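So the protein sequences, as listed, match chains W and P. Quick note: the first sequence uses our numbering, first residue 1, plus one each step. Quick note: the second sequence uses our numbering, first residue 1, plus one each step.
No lab work stands behind these hints, which were simulated from the structure alone. Values in this document were obtained by computation on a predicted structure and should not be read as measured data. Keep in mind that the hints are not guaranteed to be accurate.
Note: identical chains are not told apart, hence a pair may lie in one copy or across any two.
Cross-link-like lysine-lysine pairs, in silico, DSS-like; alpha carbons within 25 angstroms at most [to be verified]:
hint, residue 1, residue 2
1, Lys-131, Lys-310
2, Lys-148, Lys-131
3, Lys-3, Lys-148
4, Lys-29, Lys-68
5, Lys-3, Lys-203
6, Lys-128, Lys-3
7, Lys-29, Lys-322
Listed below are the residues making up each chain.
2 protein chains.
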Amino acid sequence: MIKDVTRFVPPYILSRCAYSPGYQPANHKDLIKLNTNENPFPPSPTVSDAVQNEISNLHLYPEPYSQKLRDLIASKHSLSEEQVIIGNGSDDLLNLCVRAFADTNRMVGMLEPSYSLYPTLTSLQRSKVSKVEFLNDEFKLPVEEITKSGVNLFFLTNPHAPSGRYFDQESVFSIASEINAILVVDEAYADFSIENSIPLLDKANNLVITRTLSKSYSLAGSRVGFAISSPEIISILDSVREVYNLDRMSQAAAFAALSDVHYFEDCRRKILEEREKAYTFFTQLGWRTIESHANFILTEPINATGQVGKKSASSLFNYLEKNNIHVRYFHNHRLTESKIRISIGTERQMNALYQTINKWCNEES
Amino acid sequence: MIKDVTRFVPPYILSRCAYSPGYQPANHKDLIKLNTNENPFPPSPTVSDAVQNEISNLHLYPEPYSQKLRDLIASKHSLSEEQVIIGNGSDDLLNLCVRAFADTNRMVGMLEPSYSLYPTLTSLQRSKVSKVEFLNDEFKLPVEEITKSGVNLFFLTNPHAPSGRYFDQESVFSIASEINAILVVDEAYADFSIENSIPLLDKANNLVITRTLSKSYSLAGSRVGFAISSPEIISILDSVREVYNLDRMSQAAAFAALSDVHYFEDCRRKILEEREKAYTFFTQLGWRTIESHANFILTEPINATGQVGKKSASSLFNYLEKNNIHVRYFHNHRLTESKIRISIGTERQMNALYQTINKWCNEES
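This is chain W alone, in the form it adopts within the complex (with noise of 0.2 angstroms):
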């Protein structure tokens, strides 16, 4: 018997857009990748055994918790561990947030543009999505906005993405404090940030702040993530979780790589040292460029007839492309539709870069 299975299916289910996430490419050889902010080096050298010594128990179903993770953090946070939850990836604890605090009746609200996964969630839970522009276009927080946005849920990325911009703790405060609503601090780059919201939990319970280990801990094929907030709503994110949400390796890993803080600090100096001189380069270009606090520079290309905007960002970013260098580029957007956001490598990776750039400046119009 077959059936028109669409008919199961509620239209808002047909008709919605899944996320779609950066190129991933099946194989990373002869391919210079600053396309997803992924970190350029690999994990802790200590991760390598930690997952090893769980292979033998995986047969057996995974610490539900995630107990160790969420002690280990709450102490490098100085925080109780109630006010800890781990999740699949920051993705699994977003999702939660939506699932905890939206439904048709309640909003969730965003900067515009910010990451594309918040309305794809939202869409996903029947809610209705408010989006709030910045300021102007170098990306200024309209936190008046976003408090009487009338959402009952807010995601604050912060620092910024894809700007690389950062709000400081008085606006987040103030945000905190105004809004009738929970305000997650979504914190995918704080470790590369000169400051971030913890010291703001004491004041306000209504924060969720949300942490990935896929950047600066260079976890992101591992899939895990955090966060921290108040043990109310702590509580309320975990009856709402998959009890297994994180397998036995990845807890392994992340565990092992959150206590190698020599090797996390040594990664994070690089990257910040590369993220230093790719602003030099492309501020001595002329190029307008964003001070970035995360681990990734947003910039204007001028072409070689002295032009910026859509035609020439999206020319420099097929020559990247033609020459393996893969950066992303956000055309839907007024504020991004004439920059390209790439992604902080290695020093080799960021020569390449550009040199290939300096040749574009010479051959394209």
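Assemble the complex: chain W is given as a structure, and chain P must be docked to it using the hints.
Just chain P, lined up with the frame of chain W:
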């Protein structure tokens, strides 16, 4: 500003019950763990190298479609790769089914008793649950009651847990044909059965079969499952799936385990042998025991004074626990309250179980 954060949480979230898994000890030493249907054998020896090869690439995101796994599973079952989707455990896939096919207007049906995760996922989606009772205490399948249940999505656990009962292909086909809904056949235990529903896929495109590598492939700790169905349904499930739902290490572990057919067959054979011996042991004690098609067995203990019932079952459960043998007891349903469910372990584990049960039979009244 300390707020009452519960006012941002919908009442149906605050009042629902989270899924409660079987006891997962942090340390498995000196413990005979027969409570959550894990495979007693470690995974294929090929898993170790496969995982190790991924470590140096853990800073890169995983391949978002788990394409190599889709291809392998498709070829194993003579399907097209468009008929396969991979999940972070089959729980992930069950959740995707609820998100795609259920909502406040679209009910979810399931057998009672069956997997207690189904109602948990359903309540999170604010969908109504229709629990269909068995026709008798031998777990006879209520085909007509299922087809007339008026749901949009039905979960049929086959082989059934916690009974171990197998429902034949003809009955499953008649449900798939007659029901005006998506039929999910949860085949977590199918590798221990004599038959499965895969041959029905050609004839019923409203059929979704979910599988897990947790049981027969010894990968409970790695969280990998898959679903097979019509390409239309797979594409809908993909549209609600988290993009990076399976990490690199689990993709590699699953690929290695699925490829090592010899090891798989060897472990399965040993488990089937032990299951046969367990059936003989319990029936020789005179205990009513269901012939199992899964890697566990449900039996009704008779105590020293010849009694069956809640008291006997809970007495044996506690006695085993005191002796460091963990089994499962579902006290909250008429069909299970007088029985205990025992996962099939190694020969050594099962012999220790039998000895302890023999002692209980003589001691307890």
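Structure versus earlier hints, numbers of those that do not hold, lowest first: No hint contradicted; all consistent.
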